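K.L.:
The hints should help you fit chain B onto chain A, whose structure is shown.
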Amino acid sequence: MPFSLTNPSYALPEMLMLGLALTLLLFIAFTGKDKINWTYALTQLSLFATALVIVLTMGEQGLAFSNTYIKDSLSDVLKLSICLINMLVLLYSHDYLKDRGLLQGEFYVLVLFATLGMMVLVSASHFLTLYLGLELMSLCLYALVAMHRDSFIATEAAMKYFILGAIASGMLLYGMSIIYGVTGNLALADIALAIDSGMMNNTVLSFGLVFIVIGVAFKFGAVPFHMWLPDVYQGAPTAVTLFLAAAPKVAAFAMLIRLMLDGLGGVQDAWQDMLIMLAVLSMIVGNLVAIVQTNLKRMLAYSTISHVGFLLLGVLSGTAEGYAASMFYTLVYALMTLGGFGMILLLSKQGFEAEEIADYKGLGKSQPWYALMMLILMFSMAGIPPLAGFYAKLTVIKAVVDVNLIAVAVIAVLMSVIGAYYYLRVIKVMYFDAPEQQLTVQVSAPARIMFSSNVLLVLGLGLFPGSLLALCITVMS
Amino acid sequence: MTLTDLPMLSLLIWLPIVGGLILLMMPAEHRAIRPVGLLTSLLTFVVSLLLIIGFDSSTHEMQFVERLSWVRAFNIEYYLGIDGFSMPLIVLTTFSTLLVVIAAWEVIKDRLHYYLAAFLIMEGMMIGVFSALDAILFYVFFEAMLIPLFLVIGIWGGPNRVYATLKFFLYTFLGSVFLLLALLYLQFQTGSFAIVDYHAVPLTLNQQIWLFLAFLIAFAVKIPMWPVHTWLPDAHVEAPTGGSIILAAITLKIGGYGLLRFALPITPDASMTLDWLVIMLSLIAVVYIGFVALAQTDMKKLIAYSSIAHMGFVTLGLFIVFRIFANTNNGYGEVLAIEGAMVQMISHGFIAAAMFLSVGVLYDRMHSRDIYAYGGVANRMPIFTAFAVFFAMANAGLPGTSGFVGEFMVILAAFQANFWYAFLAATTLIIGAAYTLWMVKRVFFGEIANEQVAALQDVNRREFFMLASLAAIVLLIGVWPDPLLSVMHASVENLLTQLAQSKL
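These protein sequence lines are chains A and B, in that order.
Just so it is clear: in the first sequence, position 12 is 12 by our numbering, and no numbers are missing.
Just so it is clear: in the second sequence, position 37 is 37 by our numbering, and no numbers are missing.
Here chain A stands alone, though its shape is the one from the complex (with noise of 0.2 angstroms):
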């Protein structure tokens, strides 16, 4: 089939993105450090404009480039959300990285081509784009998580995120070419088609699925393929954390959805018993092995390997109000995760990093409003009400009853009461114990702003769920 170039413009905001990073590769090769705040600046209005584009283009939908790319409602919801998602990351990070002189323009390029690589992937409705987006997105990561070269823990982290991460996409590529053998499709709907039919060699499309499924359960950091994920959270300058642990698990979830239900949706009752396991394990080792971290990072890397396992729930039920928990899962995670890791952000400064959890001691008496904040955080990712984390996992759970995966759901449940244990353990700290140094969050006014904005909008999405719920059912049906 000749590749024709039909609908170019369902591709507009990432043409504008790809535009806006290289322009701006350009100036930061030909201007100097002192021209770093522009940079900030035409960073997050490439962003802010490519989100634009994205709201004005909505609503059209359809294939584009010989079907490689697909626009339709979900891939604007989850496009719109990466920008929006990455300008916050950005506006978190920018006094911290000032602090410690990892303000340099290529941090802001990788961000950027980062961002366009969980675009692509996000409308990816073929393999080869699925591959090259989601490789766009993790070699920018790669190199993000190395960019404080001088920093030991950082290198390794990023020398461990770099070989796991190439494991796992050679495990996805080595799925898709057996996929590939047996449908003689690259296109995902065409797969679909082909599998359908009836007329394909079971035994190796299961054989196929099985890597693909660890290849996404890689990205996920799904258990048992995390072991990347704590050491990655942990060693990353919190900037950098911050920044991979929400937008790209809003591509992984895209990924997944494009994947499972268009590509493989006939194999269905195959992979749902692989997303089983994998969430069971996810939610049982995420949780069990936060509540011994007295890191903080390293505690919210485990919470998020067990908010994976609750994501996965909705995705495994097969229903569509299942697929549509999920999405909103992953919204509400990436929001909860964005003001966790922005908390630390706000915390640190100079030669104090607010990483562990003894930092916080005494937050409640000297900073009480963010003490509040983190508050509802904490509550909101342990699923208490009325907080957004509640009815996210409300809403997974109840997909897989109503699927009568009752098991399951008791298995989930128990472990939000064991997950629930170290969240607590953050606000004892905060409320219970007796200050040990004066706490003081010290980042500019815009940043202050968001973040409450961004936390109490986890509480507002708690006490009116409705809206963003019923988006999520609207774009999944």
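Some hints here could point you the wrong way.
[Claimed, not checked] Subject to a maximum C-alpha distance of 25 angstroms in a straight line, what follows is the list of computed SDA-like cross-link-like pairs (lysine to any residue): (1) 365(A) <-> 441(B); (2) 167(B) <-> 425(A); (3) 109(B) <-> 369(A); (4) 167(B) <-> 417(A); (5) 167(B) <-> 292(A); (6) 441(B) <-> 493(B); (7) 167(B) <-> 411(A); (8) 365(A) <-> 162(B); (9) 365(A) <-> 167(B); (10) 109(B) <-> 434(A).
[To be verified] Covered stretches of chain B, as calculated for chain A (at least 3 residues, CB under 8 angstroms): (11) 178-184; (12) 471-481.
[Claimed, not checked] Computed Cβ-Cβ distance ranges for the label pairs, DEER-style: (13) 414(A) <-> 297(B): 35 to 45 angstroms; (14) 442(A) <-> 160(B): 57 to 67 angstroms; (15) 18(B) <-> 45(A): 33 to 43 angstroms; (16) 25(A) <-> 28(B): 50 to 60 angstroms; (17) 327(B) <-> 470(A): 45 to 55 angstroms.
Source of the hints: derived by calculation from the structure; they are not laboratory data.
These numbers were taken from a predicted model, which means no experiment stands behind them.
Idealized CB from N, CA, C, for every residue including glycine.
P.N.:
Okay, now just chain B, sitting in the frame of chain A:
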């Protein structure tokens, strides 16, 4: 326009919450903190009194109903309404919170505005629990309530507060997640989150048993029933006086209320099949925990154990109805059992609040809860001793106090179920008297034990007012329980018809 047209319940829920949020934003040590707290709780209490006036006790139908769509995608509603079970509990809540605010007046010195805010927000949530008719709305209030209580015990509690509050939170959270699963499963069966729809849905015995067990875990932890009671003594001992009052007066009642609202009407057949389990646990609570109370030397711990024993009467009253159904057919014993359980809940709310308040009065002066640190208090605090002895008598179930009414009704009903139930339950009259009066003897009577006791001052006007109002109510319900009974009568009859009908 009548009272019933106004959104009374929303007012009751949101008035204290808004007041609490205002307090949260006020600067510490502001002059207006105490007035704002008092005014909010007083206003809420007055509104709840209007509820009594507007309440029609001739019907079991839900009253003051408010119904709005909340989360349309899942058909979750903001659905409120009260009947004869919830109305008295709401008034108990508003009254107890008022007490807590007054009790904190001079006593809480550290971040008083947060303390009052926590209790006011909690008040709104507890009223929400008692008036929610949508399962998810109920669950939201039921869970959200844990947050302020967790902080109250953890911030203003005693030396071992962190352990106690974590244990309290995790225990109750563990129970309630099973409730959430049960509610979701019922939604899966009915397609709705309205509790009244749950009441009507037919369920097989097997389904009912699983649901019943989930409900039982959730509410047994709250009540608390033996053997999941261990969090309560810890929480009570470490909690500040206000926390103890709310714990004993309201949160324990939420467990009993949950059984009434969910377990009994939704799973009547499972309740009948497994009533032996609840009866057994209740009797263990009454007898065994009574003996445990006897051995305590910490006053708060003693009252905490006595609370567990008293709540045993509530669960006993609720679950002997099936035996009475089987034995007699006069339609009298069942009513006695359920109403006795309800009266016991209300009465225990007041008496336990009074007991914890009395311990608070002593603790504020001596900073000790150890019985042996006292002795001869009556010589120095005669007025206080009069009140304390009266409440101790009420706690022991002396006729003429509210403590007698509930226990007597349940024991009387138990005779129609099985003689031995009644016999074992009646032992509480001896054990209860033993542990309460023995404590009174050691603390209040005898020679003045030490110099600290010799230096004690009698109650001030604030404390006198609180103790006197509680004593008046305890006495009033004790000699004239009729108004309370008539409020709930229609709802009790309705519950009994629901219980008599098999859902199979």
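K.L.:
Work down the list of hints and note, for each, if the structure agrees.
P.N.:
Verification of the supplied hints:
The straight-line distance between the Cα atoms of residue 365(A) and residue 441(B) is roughly 43 angstroms, outside the 25 angstroms bound, and the hint therefore fails. The suggested pairing of residue 167(B) with residue 425(A) holds, with an alpha-carbon distance near 12 angstroms, which does not exceed 25 angstroms. For a cut-off of 25 angstroms, the pair hint linking residue 109(B) to residue 369(A) stands: about 20 angstroms separates their Cα positions. For the given pair, residue 167(B) sits about 12 angstroms from residue 417(A) by alpha-carbon distance, which is consistent with the 25 angstroms threshold.
A distance of roughly 17 angstroms separates the Cα atoms of residue 167(B) and residue 292(A); the hinted pair therefore holds under the 25 angstroms criterion. Note on residue 441(B) and residue 493(B): the hinted pairing is violated, with a Cα-Cα distance of about 43 angstroms set against a maximum of 25 angstroms. Straight-line distance between C-alpha atoms of residue 167(B) and residue 411(A) comes to about 21 angstroms, which keeps the hinted pair within the 25 angstroms bound. The suggested pairing of residue 365(A) with residue 162(B) holds, with an alpha-carbon distance near 17 angstroms, which does not exceed 25 angstroms.
About 24 angstroms separates the Cα atoms of residue 365(A) and residue 167(B), which keeps this hinted pair within 25 angstroms; it holds. With a CA separation close to 16 angstroms, the supplied pair residue 109(B) and residue 434(A) stays within the 25 angstroms bound. Judged by the Cβ-Cβ criterion of 8 angstroms, the region 178-184 of chain B is covered by chain A as claimed, because 4 of its residues qualify and three suffice. Note: the region 471-481 of chain B has 0 residues with beta-carbon separation from chain A under 8 angstroms; the three-residue rule is not met and the coverage is violated.
Between residue 414(A) and residue 297(B) the Cβ separation comes to about 37 angstroms, which falls inside the hinted range of 35 to 45 angstroms. At about 37 angstroms, the CB distance of residue 442(A) to residue 160(B) disagrees with the hint of 57 to 67 angstroms. As the Cβ distance of residue 18(B) to residue 45(A) is approximately 41 angstroms, the hint placing it in 33 to 43 angstroms holds. Checked against the given bound of 50 to 60 angstroms, the beta carbons of residue 25(A) and residue 28(B), roughly 52 angstroms apart, stay inside it.
The hinted range of 45 to 55 angstroms is satisfied by residue 327(B) and residue 470(A), whose Cβ atoms lie roughly 54 angstroms apart.
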